[in-house]
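**Student:** Using the sequences and the hints given, assemble the complete structure.
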Amino acid sequence: MAPAIKPRIRLDKKEAKVGDVVEVKALVSHTMETGLRKDTSGQTVPRKILNKFTCTVNGKEVFAADFETAISANPYIQFKFKARESGPVILTWYDDDGSTIVGEESIKVT
Amino acid sequence: MSLIVDRRGALALGLGATASVSLGGIGAPAFAANDANDVIQKFTSGKKPTESLVKLDIPEIAENGATVPMTVSVESPMTEQSYVKELLVLADENPRATVATFRFSPLGGVAEVNTRIRLGGTQHVIAIAKMNDDSVHMASKPIKVTVGGCGG
Chain X
9 MAPAIKPRIR LDKKEAKVGD VVEVKALVSH TMETGLRKDT SGQTVPRKIL
59 NKFTCTVNGK EVFAADFETA ISANPYIQFK FKARESGPVI LTWYDDDGST
109 IVGEESIKVT
Chain Z
4 MSLIVDRRGA LALGLGATAS VSLGGIGAPA FAANDANDVI QKFTSGKKPT
54 ESLVKLDIPE IAENGATVPM TVSVESPMTE QSYVKELLVL ADENPRATVA
104 TFRFSPLGGV AEVNTRIRLG GTQHVIAIAK MNDDSVHMAS KPIKVTVGGC
154 GG
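Taken in sequence, the protein lines are chains X and Z.
Following our numbering, the numbering of the first sequence begins with 9 at its first residue and continues without gaps.
Following our numbering, the numbering of the second sequence begins with 4 at its first residue and continues without gaps.
Hints are computed from structural coordinates only; laboratory data are not their basis.
Fair warning: there could be bad hints in the mix.
[Stated by the list, open to error] Within a straight-line C-alpha distance of at most 25 Å, the following computed SDA-like cross-link-like pairs (lysine to any residue) qualify:
(1) Z/K51 to Z/H140
(2) X/K14 to Z/H140
(3) X/K60 to Z/K88
(4) X/K22 to Z/T74
(5) Z/K58 to X/A91
(6) X/K21 to X/D103
(7) X/K60 to X/L35
(8) X/K68 to Z/K51
(9) X/K90 to X/E31
**Tutor:** Structural data, given as C-alpha cells:
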C-alpha cells in the first residue's frame with residue numbers, strides 16, 4: 009500500500025469551556041472508488057472506499073458514520089461536539105481493504 | 004391516481020399519506036429507481052417518518068454531481084432523555100440509494116453534519132433521522148444535477 013495517508017484535521021478551538029460546541033473539519037485523500045466505473049480497457053475498477061468513520065474524544069465516541077459509495081472522493085466531513093473532557097480527539101477512517109487512517113488532535117476543556 | 008398508488012404502494016407504506024401528499028407538490032420522488040424503498044423500510048422498521056425536525060441543506064442545482072456539498076442537522080436537545088440516534092441519507096436515483104448513515108450520541112451533543120456527496124443525476128435527496136424513542140423524522144429536497152458523478 010502507498011505510504012500512510014495523513015488526514016487534515018482542524019478543530020475550531022483548542023481550548024473550550026464545558027458545554028462549548030467544538031467544530032471538527034476533516035479531509036482525507038482517498039479515491040473512494042465506487043466499483044461502478046470502468047477503466048479504459050472496459051474492466052470494472054473494483055470498489056475501494058472508506059466505509060466507516062469514527063471520532064472519539066477522550067476515548068468516548070461522539071460521532072460516527074457509515075459511508076457508502078455515494079460519498080465523494082477525498083471525503084470531507086464536518087461535525088460538532090460539545091466539550092466535556094480534555095483529551096485526545098481521535099478520528100479514524102476504515103478502508104475496504106481493512107487498513108485504517110488515523111488522525112489525532114487534542115482538546116483542552118477548562 | 005390508481006396507477007401512481009400501484010407503482011408507489013411501498014412509498015405510501017413507508018412514508019405515509021402526509022409525506023407523499025406534501026412531496027407531491029414538488030414532484031413525488033420516483034422511489035422505484037433503486038433500493039431506496041427497502042432501505043427506508045428497514046431503517047424505520049415500517050414507521051412513517053413525519054416531515055419535521057430534520058433540516059437538509061443542499062444546492063438547488065449542482066453543476067458537478069461528483070461532489071455536492073450537503074449539510075444535515077436535526078433539531079434535538081441531544082440529552083440522555085432525548086437524542087438523535089441515527090441519520091440516514093439517501094439519493095433516490097443513484098445506483099445505490101444509501102449515501103451514508105451518521106450516528107450521533109448524547110456524548111456528542113450536536114446533531115449536525117456536513118459532507119460532500121456523489122449524485123448520479125437529477126433526483127431527490129432524503130434525510131431520515133431516528134430518535135432514541137425510535138420515532139422517525141425526515142426531510143427531502145429535489146436537486147438538479149448537470150453532470151453526474153457516479154462514473155461508468
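**Student:** All the hints need checking, so say for each whether the structure fits it.
**Tutor:** A quick look at each hint next to the structure:
Between the alpha carbons of Z/K51 and Z/H140 the distance comes to roughly 8 Å, so the proposed pair stays at or under 25 Å and holds. Distance check on the hinted pair: X/K14 and Z/H140 sit about 36 Å apart at the alpha-carbon level, beyond 25 Å; violated. Proposed proximity of X/K60 and Z/K88 is supported: the alpha carbons are some 16 Å apart, at most 25 Å. For the suggested pair X/K22 and Z/T74, the alpha carbons sit about 24 Å apart, so the restraint of at most 25 Å is met.
In summary, the hint linking Z/K58 to X/A91 is supported, as the alpha carbons are separated by about 23 Å, within the 25 Å threshold. Under the criterion of a C-alpha separation no larger than 25 Å, the hint pairing X/K21 with X/D103 is inconsistent with the structure, at around 29 Å. At most 25 Å may separate the alpha-carbon atoms for a hinted pair to count; X/K60 and X/L35 meet this at roughly 14 Å. With a CA separation close to 32 Å, the supplied pair X/K68 and Z/K51 exceeds the 25 Å bound.
Simply put, X/K90 and X/E31 have alpha-carbon atoms about 9 Å apart, close enough for the 25 Å limit, and the pair holds.
This entry does not satisfy hints 2, 6, 8, going by the numbered hints stated previously.
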